[in-house]
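Enquirer: In order, the protein sequence lines correspond to chains U and E.
All letters in the first sequence, in the order written, are residues 1 to 411 by the numbering used here.
All letters in the second sequence, in the order written, are residues 1 to 411 by the numbering used here.
Incorrect hints may appear among the rest.
Unchecked claim - Here are the computed lysine-lysine pairs in the DSBU-like style, where the Cα-Cα straight-line distance is at most 35 Å:
hint, chain 1, residue 1, chain 2, residue 2
1, E, K232, E, K152
2, U, K266, E, K21
3, U, K49, E, K69
4, E, K266, U, K167
5, E, K35, U, K69
6, E, K394, E, K347
7, E, K21, E, K394
8, E, K394, U, K266
9, U, K266, E, K355
10, E, K266, U, K266
11, E, K355, E, K21
12, E, K49, U, K35
13, E, K232, U, K394
14, E, K49, U, K266
15, E, K163, E, K232
16, U, K347, E, K266
17, U, K335, U, K266
18, E, K400, E, K347
If you are wondering where the hints come from, they were derived from the structure by calculation, not from laboratory data.
Keep in mind that this is a model prediction, so the values were computed, not measured.
There are 2 protein chains.
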Amino acid sequence: MVLIAPFEVTAWVDEHAHNVKHDLAGSVCAPLSIKDLIELSRQSDETRKALDFNLIDLDYNSPMQGGYKLRDNLAALYSIQAHGDRKHTVTRENILTCNAGIDANHIVLAALIGPTDHVICHYPTYQQLYEVPRSLGAEVSLWRSDPANGWKLDVGVLRSLVKHNTKMIILNVPQNPTGVIIPQWQLEEVVALARDRGIIVFCDEAFRPLFHGISSSHPDCPDSIVHLGYEKVVATGTMSKGFSLPGIRAGWIVSMDPQIVRDCFKMRYYTTTTVSQLNEAVASEALDDRCVHAILDRNLANCKSNVRAWQDFITEHEWACSWTQPIAGTTALVKFHRDGRPVDDVKLCLLAQEKADVCLIPGRKCFGDGVDFEGYVRIGVGLHPTRVREGLSKLAEFMKEDFSSVPCSSN
Amino acid sequence: MVLIAPFEVTAWVDEHAHNVKHDLAGSVCAPLSIKDLIELSRQSDETRKALDFNLIDLDYNSPMQGGYKLRDNLAALYSIQAHGDRKHTVTRENILTCNAGIDANHIVLAALIGPTDHVICHYPTYQQLYEVPRSLGAEVSLWRSDPANGWKLDVGVLRSLVKHNTKMIILNVPQNPTGVIIPQWQLEEVVALARDRGIIVFCDEAFRPLFHGISSSHPDCPDSIVHLGYEKVVATGTMSKGFSLPGIRAGWIVSMDPQIVRDCFKMRYYTTTTVSQLNEAVASEALDDRCVHAILDRNLANCKSNVRAWQDFITEHEWACSWTQPIAGTTALVKFHRDGRPVDDVKLCLLAQEKADVCLIPGRKCFGDGVDFEGYVRIGVGLHPTRVREGLSKLAEFMKEDFSSVPCSSN
Chain U
1 MVLIAPFEVT AWVDEHAHNV KHDLAGSVCA PLSIKDLIEL SRQSDETRKA
51 LDFNLIDLDY NSPMQGGYKL RDNLAALYSI QAHGDRKHTV TRENILTCNA
101 GIDANHIVLA ALIGPTDHVI CHYPTYQQLY EVPRSLGAEV SLWRSDPANG
151 WKLDVGVLRS LVKHNTKMII LNVPQNPTGV IIPQWQLEEV VALARDRGII
201 VFCDEAFRPL FHGISSSHPD CPDSIVHLGY EKVVATGTMS KGFSLPGIRA
251 GWIVSMDPQI VRDCFKMRYY TTTTVSQLNE AVASEALDDR CVHAILDRNL
301 ANCKSNVRAW QDFITEHEWA CSWTQPIAGT TALVKFHRDG RPVDDVKLCL
351 LAQEKADVCL IPGRKCFGDG VDFEGYVRIG VGLHPTRVRE GLSKLAEFMK
401 EDFSSVPCSS N
Chain E
1 MVLIAPFEVT AWVDEHAHNV KHDLAGSVCA PLSIKDLIEL SRQSDETRKA
51 LDFNLIDLDY NSPMQGGYKL RDNLAALYSI QAHGDRKHTV TRENILTCNA
101 GIDANHIVLA ALIGPTDHVI CHYPTYQQLY EVPRSLGAEV SLWRSDPANG
151 WKLDVGVLRS LVKHNTKMII LNVPQNPTGV IIPQWQLEEV VALARDRGII
201 VFCDEAFRPL FHGISSSHPD CPDSIVHLGY EKVVATGTMS KGFSLPGIRA
251 GWIVSMDPQI VRDCFKMRYY TTTTVSQLNE AVASEALDDR CVHAILDRNL
301 ANCKSNVRAW QDFITEHEWA CSWTQPIAGT TALVKFHRDG RPVDDVKLCL
351 LAQEKADVCL IPGRKCFGDG VDFEGYVRIG VGLHPTRVRE GLSKLAEFMK
401 EDFSSVPCSS N
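Whenever a hint applies, use it, and build me the whole structure from the sequences.
Expert: Spelled out as structure tokens, the structure:
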């Protein structure tokens, strides 16, 4: 018997997203090829050279912590993203490369959490973030955001959840699945609370720096947790979402606390050893100054276009749909209701697939522990805009012809 | 505090192997580049085409379990390796791809072992295999091989270690660090014992199919554990050792038990999601019939040449060294003694690095829990033969000039 609950969202995607014509649910930004990277680079010849792997001896990556070029490019990325007066200097020594965000998150949790610990996790969120601590024997409290109020959080509630053995507060900014942020002022309140008690703050930042509905210079736009002036923080990131490269499995851990870096590195020897040289080479180049801006500009434009398309769809179907419009990341939750009651999320998704060849992700099943978020489905706003519009027109047909046969939730 | 002991061998390699001129310890077969793969292929044009990644959309690998081509090539590899009348049919459904052997082993253990379990682990071996079960809260018994008798094992001892809650017997064939095998007849005894009690047999086969000192048709030469006619078995493998591609981080889990495959797949969602498309493409091609034989022929020839070079060295220094000559895999343990007493393994390795720019791995520290295998060092026999001979000539100088200053073990 496996001592961890099924990972619902990944299992759903694996079973439903591959053979479907219209993927409206995926959380990636439309993937790039190596040819695309060469074409979008400001110095295509340099990029082509950097991505010619033929002569590399495919030995273990050296040093094991991650190649210098990738870690230096990541350090630069963190440094330019910080609000001016709060900027901290991230260096390669703060960073461990990993096999994408899933590996990075797993290492952080396995390294830092044990059976006698209590952790508090932002909710709803990516299931890994609370299920892995549970499987490690820790007690998990969920810090619930309010679906009726734009998924807002209350730091007073967080304070009431803290126990004597609270080891970690786990956040996810921008948040999957809601597409909202924790504003900078509130992040500062969380950090102040954590600092008072010596609690580690771990922020899954897989969807940074995709702020498509808020200017990155807006005072509410959150810095990376590593820039909040508190040492006991750890962030994770990935090339899979905002950087359009899920196929290379490259991610990272960054912390301002040398002890956290050492602890994660120690665990990483048991799970990862090193990251592929090929994957690190592609990641390094994509994050190079000559490529990274074009990638992010493309993806932010795609997100904006897709959010508009979804907003049009929701306005047109307001008799059946509502949402909190996402402002960051690539995902959002859309609520479907019929006769004033939420629909059965799983049956809606299965029927949409059967009738319209559309993939949606059931929110209660995949983000609500089977209990919360009745009627919600997760959708993706980072995909190719033309494909999203095609999918939405199929979904509009489905709403006209088949939605009335979706049962309401029986809960 | 991290709840797992330091991973000594990886930490040692990371600290000592990168900046040293003569690596005599590494466990890989001399790494290949993509250019090398194209040159050694029987159909270079096809291989070049298969390794041209430029147009691949770098999306998540699909299906998540692993690409069809890689899993089919792996299935074929297992099928041709089986002794004729014991052959079982491995198909893609039996296989999960992973980020190298470290990820594969970690997933198997995390999926199948919990706090109330007892496991028995072959010893000495790769530290991950007993340390991860310990960190998961399981009780671990070590099934010790006899250094005075060619690292032989006794199934009677194994039987005496079994408890009512023994969940798994963990083997490592060919074995790291000793370079020996469990002969087929004894593997059959282990499987018979496990079958009687319903115990899972997990065999780390990272070093298959490198049988350089025994013919693969010899009746003692062990089949993969998946071919022993018992369903509750699981094996792991990697491209990092016998296939010369540690830089791509590709490995796999294979089991004849659909439930074990499902359990591992379920855990893999939390640690891995999918494997890099680039890495799977290189692995698939290297395992293709047009490449794989040339790779293995090259590596077996290198191992044989290096074993001869080490045997010459040991014969020449029999006043200070002895070993059990390895017959499989890429590693061996060499015992160093002075005045009839084993030397301090760590001090020997540090002094050899300082004086001769040679990397060796201390056996007691990295494979003996700091207690066993006094005076042993682990060496590698899969490396470039010219580099091994250069390193050995430096080590011979060291033996003449500096060995006398290595202290004996104080244990």
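Enquirer: With reference to the structure, classify each hint as holding or not holding.
Expert: Checked hints:
Between K232 (chain E) and K152 (chain E) the CA atoms are separated by roughly 25 Å; this keeps the pair inside 35 Å, and the hint holds. Distance restraint check for K266 (chain U) and K21 (chain E): the Cα-Cα separation of roughly 26 Å lies within the 35 Å cut-off, and the hinted pair is therefore satisfied. This hinted pair checks out: K49 (chain U) and K69 (chain E) have alpha carbons roughly 28 Å apart, not beyond 35 Å. Only pairs whose Cα atoms come within 35 Å are accepted, and K266 (chain E) paired with K167 (chain U) is accepted, the gap being roughly 27 Å.
Distance hint between K35 (chain E) and K69 (chain U) is fulfilled; the C-alpha atoms sit about 23 Å from each other, no more than 35 Å. For the hint linking K394 (chain E) to K347 (chain E), the alpha-carbon distance of about 17 Å falls within 35 Å, and the restraint holds. Between the alpha carbons of K21 (chain E) and K394 (chain E) the distance comes to roughly 10 Å, so the proposed pair stays at or under 35 Å and holds. Annotation: proposed proximity of K394 (chain E) to K266 (chain U) holds, straight-line Cα distance about 32 Å (limit 35 Å).
Annotation: proposed proximity of K266 (chain U) to K355 (chain E) holds, straight-line Cα distance about 29 Å (limit 35 Å). Straight-line distance between C-alpha atoms of K266 (chain E) and K266 (chain U) comes to about 25 Å, which keeps the hinted pair within the 35 Å bound. For the given pair, K355 (chain E) sits about 11 Å from K21 (chain E) by alpha-carbon distance, which is consistent with the 35 Å threshold. Using a Cα cut-off of 35 Å, the hinted pair K49 (chain E) and K35 (chain U) holds, with the two alpha carbons roughly 15 Å apart.
Annotation: proposed proximity of K232 (chain E) to K394 (chain U) is violated, straight-line Cα distance about 46 Å (limit 35 Å). Distance restraint check for K49 (chain E) and K266 (chain U): the Cα-Cα separation of roughly 39 Å exceeds the 35 Å cut-off, and the hinted pair is therefore not satisfied. Taking the CA atoms of K163 (chain E) and K232 (chain E), the gap is near 18 Å; set against the 35 Å cutoff, the hint holds. A distance of roughly 23 Å separates the Cα atoms of K347 (chain U) and K266 (chain E); the hinted pair therefore holds under the 35 Å criterion.
A distance of roughly 43 Å separates the Cα atoms of K335 (chain U) and K266 (chain U); the hinted pair therefore is violated under the 35 Å criterion. About 17 Å separates the Cα atoms of K400 (chain E) and K347 (chain E), which keeps this hinted pair within 35 Å; it holds.
Violated hints, in rising order: 13, 14 and 17; the structure is consistent with all others.
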